[in-house]
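Undergrad: So the chains spell out like this:
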Amino acid sequence: MESFALLLAATLSAGTVLAFAALGLLINERAGIVNLGAEGMMLVAAIAGYATAVHTGNDWLAFAGGAAAGALLAAAFGVLVIWLNTNQYATGLALSLFGSGFAAFVGIRYTQEKLTERPNFHIPGLAEIPFIGPAFFRQHPMVYIAIGLTIALAWFLYRSRAGLVLRSIGESPESAHALGYPVRRIRMLAVVVGGACCGLSGAYISVVYTPLWVEGMVAGKGWIALALTTFATWRPARVLLGAYLFGGVTMLQFFLQGEGVQIPSQFLTMMPYLATIIVLVLISRNATFIRINMPASIGKPFFPGS
Amino acid sequence: MLKLEARPEASKMMSVMSPVLALAITVVIGTALFVMLGKDPFRGLYVFFVEPVKSLYALTELAMKATPLILIALGLAVCFRSNVWNIGAEGQYVIGAVFASGAAMTADKGTGHWFVIVVLLAAVAGGMLWAAIVALLRDRFNANEILVSLMLVYVADQVLGYLVYGPWKDPAGYNFPQTITFLKSTQMPKLFSGFRLNGGVFVALLAVAAFWVLLFRTYAGFQLQVGGLAPAAARYAGFSSRKALWTALLLSGGMAGLAGGLEIAGPLGQLTPYVPAGYGFAAIIVAFVGRLHPVGIVFSAILMSMFYIGGELAQSRLGLPKSLTGVFQGLLLFTLLACDTLIHYRIRWQAARPLPKSTSATITSKASTATTGKGA
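Protein chains in written order, with this note's numbering: chain A, 1 to 306; chain B, 1 to 376.
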């Protein structure tokens with residue numbers, strides 16, 4: 001029972017990594033932009049956050065540093081894709097390749113560094129409830145912030161005027177442009193905010209989740225987050241649920257190893273990646289369903305007057 | 001104010017000049033980086049651009065590095081031209097190496113030298129199989145090929161790990177995670193004594209010619225390209241997009257597998273956890289910088305190999321991390337994509353105040369973008 005509570009707690013933590021990144025990508029995609037650079041942004045943010053944490057000892061500054069790094073790289077991506085009209089897939093890929101190289105390059109001197117022990121977080125009172133306390137109420141504040149972000153994003157997209165404008169740009173940039181909305185500026189803003197969210201995710205990995213710096217430590221989580229937005233049919237609440245589901249799959253391998261299940265560790269490590277493929281297959285099988293839910297202008301450039 | 005204006009037609013010159021311009025910008029940024037790191041920039045550039053071509057030995061090493069890049073990039077060029085986004089060539093390369101090793105392990109002392117062909121064919125089959133999973137899931141279930149092919153890279157790495165740490169581990173190998181060293185009959189013949197270069201480089205050059213013919217002189221190649229450039233036109237002409245998907249993925253998977261097989265039958269000589277060297281990802285850059293053209297790919301593969309060898313030299317000579325290679329490679333693709341904008345657009349200076357509507361209406365050219373006034 002105790003180990004199951006710990007598994008739940010670890011699942012929430014692993015899910016938070018994916019949730020921040022996938023929510024950021026959701027903002028992008030709702031505006032019609034696919035950023036395949038998530039993995040690269042997360043890696044650079046991970047080292048930026050880790051370096052900040054090592055030098056300042058302040059985790060909140062580390063998250064800010066990670067978010068800034070993510071936003072900066074996303075801005076470079078945005079300039080190319082939105083203002084120079086480059087191919088979104090190729091540019092995102094370039095960002096991922098550059099990001100993993102750059103993070104490895106900068107990070108080499110931090111591979112030996114260790115973060116000092118951080119205090120454990122407890123929500124007073126609630127954390128003492130048996131089973132529920134250790135499972136849900138002894139988490140890092142970022143876990144609850146991710147839930148808050150999900151609610152805020154859902155409200156923004158479906159209940160606010162600005163959210164309506166963002167969605168309309170994702171559906172039909174031409175119409176939004178004709179109505180006088182600055183399509184490219186709004187898309188740029190969405191890309192930068194999305195990059196900041198991916199940055200938070202990267203910093204969370206290196207500062208809280210792991211916590212240390214290893215080259216390539218994001219290990220495909222950026223790509224899994226990209227798959228999550230499709231899996232969630234571009235809805236915030238489903239993104240969060242999907243993130244926890246995948247967090248659970250990631251954690252299951254450690255749980256199974258702990259229980260002494262005789263499967264070679266490589267097959268357990270494979271599970272999140274295989275799960276992503278299986279989920280993609282299941283959700284994409286119905287092409288009409290995907291087409292109805294997908295922002296219509298996704299991946300297509302918008303260049304007024306050409 | 002700077003403003004982009006669509007060209008009436010794509011500029012042929014910029015299409016060729018864009019990679020050169022991108023390389024120039026990358027070199028400028030690289031020089032600045034060396035200065036910032038307190039290293040002599042001239043030594044830095046020397047290590048990257050002169051040392052890899054300085055001697056005959058250096059040139060043969062360069063050709064050896066370029067071989068897998070050329071092979072993988074050729075297949076990817078077909079993919080990207082037909083608008084199939086296979087970015088998992090790294091996984092197909094790894095499975096190619098695994099299949100080649102599986103074949104190589106069956107050789108014994110009496111096996112003739114022809115067996116290397118079996119090894120390479122096994123590698124091609126392995127790469128094709130891995131890419132076929134992507135094609136099947138895309139074709140049958142509409143699953144996004146970008147994500148599936150990439151996820152399969154991580155799966156391939158784990159398959160490799162399982163084999164070299166488990167059933168294929170050399171019993172006499174002091175518990176190192178590696179297979180036996182494969183017999184000579186499974187290896188490509190070396191071209192000259194004293195050099196590591198082997199016949200693989202000719203395989204790559206043959207492939208360049210074959211892909212040139214396929215792309216520009218066959219009906220199948222034409223169909224693939226129409227499907228990529230104008231899917232609606234291809235549908236109208238009755239070109240099957242499913243066939244294009246399978247062709248592109250099987251071709252690129254087979255080529256990536258072949259590259260993996262040649263590494264096993266050449267410089268590596270055994271299967272280790274260090275087989276994934278990022279060639280599958282670097283080849284994406286090679287394909288784009290080479291303009292998705294077989295001949296261009298040869299040049300860009302040589303350039304990319306210089307980055308690889310330069311990165312290794314920068315580590316030993318200048319004390320810089322080897323990952324500098326990845327920084328420069330990523331930077332090159334980034335700047336290339338930015339420069340490619342100039343193929344379809346030209347930069348115009350425009351007064352900060354937009355032209356009155358009546359004036360812009362008199363410009364009849366379709367290319368005019370003056371109506372928006374939302375330059376930068």
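Warning: the hint list may mix true and false statements.
What the hints assert, rightly or not - Some chain A residues well away from chain B (every beta-carbon gap over 12 Å; in silico): (1) Ala-5; (2) Val-34; (3) Phe-98; (4) Glu-117; (5) Tyr-158; (6) Val-165; (7) Gln-257; (8) Arg-291.
Unchecked claim - Per the computed footprint, the stretches of chain A lying under chain B, defined by three or more beta-carbons under 8 Å from a beta-carbon of chain B, are: (9) 15-28; (10) 104-116; (11) 195-209; (12) 265-276.
Hint data in this document are derived by calculation from the structure and do not stem from the laboratory.
For glycine and all other residues, C-beta sits at the position ideal for the given N, C-alpha and C.
Undergrad: Please count how many residues of the segment 195-209 of chain A have a CB within 8 Å of a CB from chain B and say whether that reaches 3.
TA: violated (count 0)
Undergrad: Minimum Cβ separation between Ala-5(A) and chain B greater than 12 Å?
TA: holds, 29 Å
Undergrad: Establish whether the coverage given for the segment 15-28 of chain A by chain B is satisfied; the threshold is a Cβ-Cβ distance below 8 Å, and no fewer than three residues must meet it.
TA: It is violated, with 0 qualifying residues against the three required.
Undergrad: The segment 265-276 of chain A covered by chain B? Criterion: 3 or more residues, Cβ-Cβ distance below 8 Å.
TA: holds (count 7)
Undergrad: Taking 12 Å as the cut and beta carbons as the points, is Phe-98(A) off the interface with chain B?
TA: violated, 3 Å
Undergrad: Quick check: the segment 104-116 of chain A, covered by chain B? Criterion 3+ residues, Cβ under 8 Å.
TA: holds (count 3)
Undergrad: Taking the minimum C-beta separation from Gln-257(A) to chain B, is that value above 12 Å?
TA: holds, 14 Å
Undergrad: Just want to verify: Val-34(A) was marked as not at the interface with chain B; is every Cβ pair farther apart than 12 Å?
TA: violated, 9 Å
Undergrad: Quick one: work out the minimum CB distance from Val-165(A) to chain B and report holds if it exceeds 12 Å, violated otherwise.
TA: Answer for Val-165(A): holds, closest chain B Cβ roughly 16 Å.
Undergrad: Does Tyr-158(A) clear chain B by more than 12 Å, comparing its Cβ with all Cβ atoms of that chain?
TA: holds, 26 Å
Undergrad: Check the non-interface label on Glu-117(A): least C-beta distance to chain B beyond 12 Å or not.
TA: holds, 29 Å
Undergrad: Taking 12 Å as the cut and beta carbons as the points, is Arg-291(A) off the interface with chain B?
TA: Check fails; 10 Å does not lie beyond 12 Å.
Checked against the numbered hints listed earlier, the structure breaks hints 2, 3, 8, 9 and 11; every other hint is satisfied.
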